[in-house]
Amino acid sequence: NAGVTQTPKFQVLKTGQSMTLQCAQDMNHEYMSWYRQDPGMGLRLIHYSVGAGITDQGEVPNGYNVSRSTTEDFPLRLLSAAPSQTSVYFCASSRNPGLQETQYFGPGTRLLVL
Amino acid sequence: GESVGLHLPTLSVQEGDNSIINCAYSNSASDYFIWYKQESGKGPQFIIDIRSNMDKRQGQRVTVLLNKTVKHLSLQIAATQPGDSAVYFCAENFQGAQKLVFGQGTRLTINP
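Same order as they appear, the protein sequences are chains A and B. According to my numbering, numbering within the first sequence proceeds without interruption in unit steps and concludes at 114. According to my numbering, numbering within the second sequence proceeds without interruption in unit steps and concludes at 226.
These are calculated hints, taken from the structure and not from any lab test. A portion of the hints provided could be inaccurate.
As the list claims (entries may be wrong) - Straight-line distance between alpha carbons at most 30 Å, and here's what the computed DSBU-like set of lysine-lysine pairs gives:
hint : chain 1 : residue 1 : chain 2 : residue 2
1    : B       : Lys182    : B       : Lys170
2    : B       : Lys156    : B       : Lys213
3    : B       : Lys213    : B       : Lys182
4    : B       : Lys156    : B       : Lys170
5    : A       : Lys9      : B       : Lys156
6    : A       : Lys14     : B       : Lys156
7    : B       : Lys185    : B       : Lys170
8    : A       : Lys9      : B       : Lys213
9    : B       : Lys170    : B       : Lys213
Unchecked claim - Here are some chain A residues pointing at chain B (derived, C-beta under 10 Å):
hint : residue
10   : Val4
11   : Pro8
12   : Gly40
To be verified - One-sided and incomplete, this derived list gives chain A residues near chain B with beta-carbon spacing under 8 Å:
hint : residue
13   : Leu45
14   : Val50
15   : Gly58
16   : Ser69
17   : Glu72
18   : Phe90
19   : Pro97
20   : Gln100
21   : Gln103
22   : Pro107
23   : Leu111
Cβ atoms here follow ideal geometry from the backbone N, Cα and C, with glycine treated the same way.
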């Protein structure tokens, strides 16, 4: 199994540009989530999904959209990038939507918005 | 409110010594706790977890202790090695909640 994969590894955007961060998992996990990590801080939840067709907002959802058309994929979209969205983004997945199990994280996408 | 914090942002230990990383949580309803290790440039990696019906759980060279009375969690690493250098995060969850709440992290550095 590849686990959780994320693309791209690094991206530079100009203010106002849009892009999609890709996340895929091959473990047949129902639960997937997106976090952002800023310097010296822990992870903050952006959006999550408990299964295909179901998404919900986390702690910091503004400026981001998600969809879950398949169990495997959970893309994160930035509609109009802002410098405040410069961060490292991590995707994670787990089997149990109640999260009483291990979450597996991807390697991250480093995003710089100029 | 829901928050998970750490007493110390950095911890330096001598190679071979034991390390103790602490975490305080505020939600008394939390019943599942996880420790993650994050090496530079990588995603968080699961180390060990514990449920609230336990007060101690051991893994390979790691032990997690849970004190529900004072809402305190700790990670003990035995015989610390250079490869243990990383940022360590605790996270909490309560039954039925759809998210983990992460602490700020503690950076562990190993002195030779």
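Status of each hint after checking the structure:
1. B:Lys182 <-> B:Lys170: Roughly 11 Å separates the two Cα atoms, so the pair holds.
2. B:Lys156 <-> B:Lys213: Holds - the C-alpha atoms of Lys213 of chain B and Lys156 of chain B are around 21 Å apart, at most 30 Å.
3. B:Lys213 <-> B:Lys182: With a Cα-Cα distance of about 20 Å, the restraint between Lys213 of chain B and Lys182 of chain B holds, given a limit of 30 Å.
4. B:Lys156 <-> B:Lys170: Distance ~28 Å between Lys156 of chain B and Lys170 of chain B Cα, so the pair holds.
5. A:Lys9 <-> B:Lys156: Measuring from Cα to Cα gives roughly 11 Å; hence the hint holds.
6. A:Lys14 <-> B:Lys156: holds, 25 Å
7. B:Lys185 <-> B:Lys170: Given pair Lys185 of chain B, Lys170 of chain B holds - Cα atoms ~14 Å apart, limit 30 Å.
8. A:Lys9 <-> B:Lys213: Since the Cα atoms of Lys9 of chain A and Lys213 of chain B sit roughly 25 Å apart, the hinted pair holds (cutoff 30 Å).
9. B:Lys170 <-> B:Lys213: Status holds; Cα separation ~23 Å.
10. Val4: Result: holds, 8 Å to nearest chain B Cβ.
11. Pro8: This interface hint is violated because 15 Å lies over the 10 Å limit.
12. Gly40: Given a least distance of 7 Å, the restraint on Gly40 of chain A holds.
13. Leu45: Status holds, d = 5 Å.
14. Val50: holds, 6 Å
15. Gly58: This interface hint holds because 6 Å falls under the 8 Å limit.
16. Ser69: Result: violated, 20 Å to nearest chain B Cβ.
17. Glu72: At 18 Å from the nearest chain B Cβ, Glu72 of chain A fails the 8 Å test, so the hint is violated.
18. Phe90: Holds: closest Cβ of chain B sits about 5 Å from Phe90 of chain A, inside 8 Å.
19. Pro97: holds, 7 Å
20. Gln100: OK, holds: Gln100 of chain A within 8 Å of chain B, min 5 Å.
21. Gln103: holds, 7 Å
22. Pro107: holds, 5 Å
23. Leu111: violated, 14 Å
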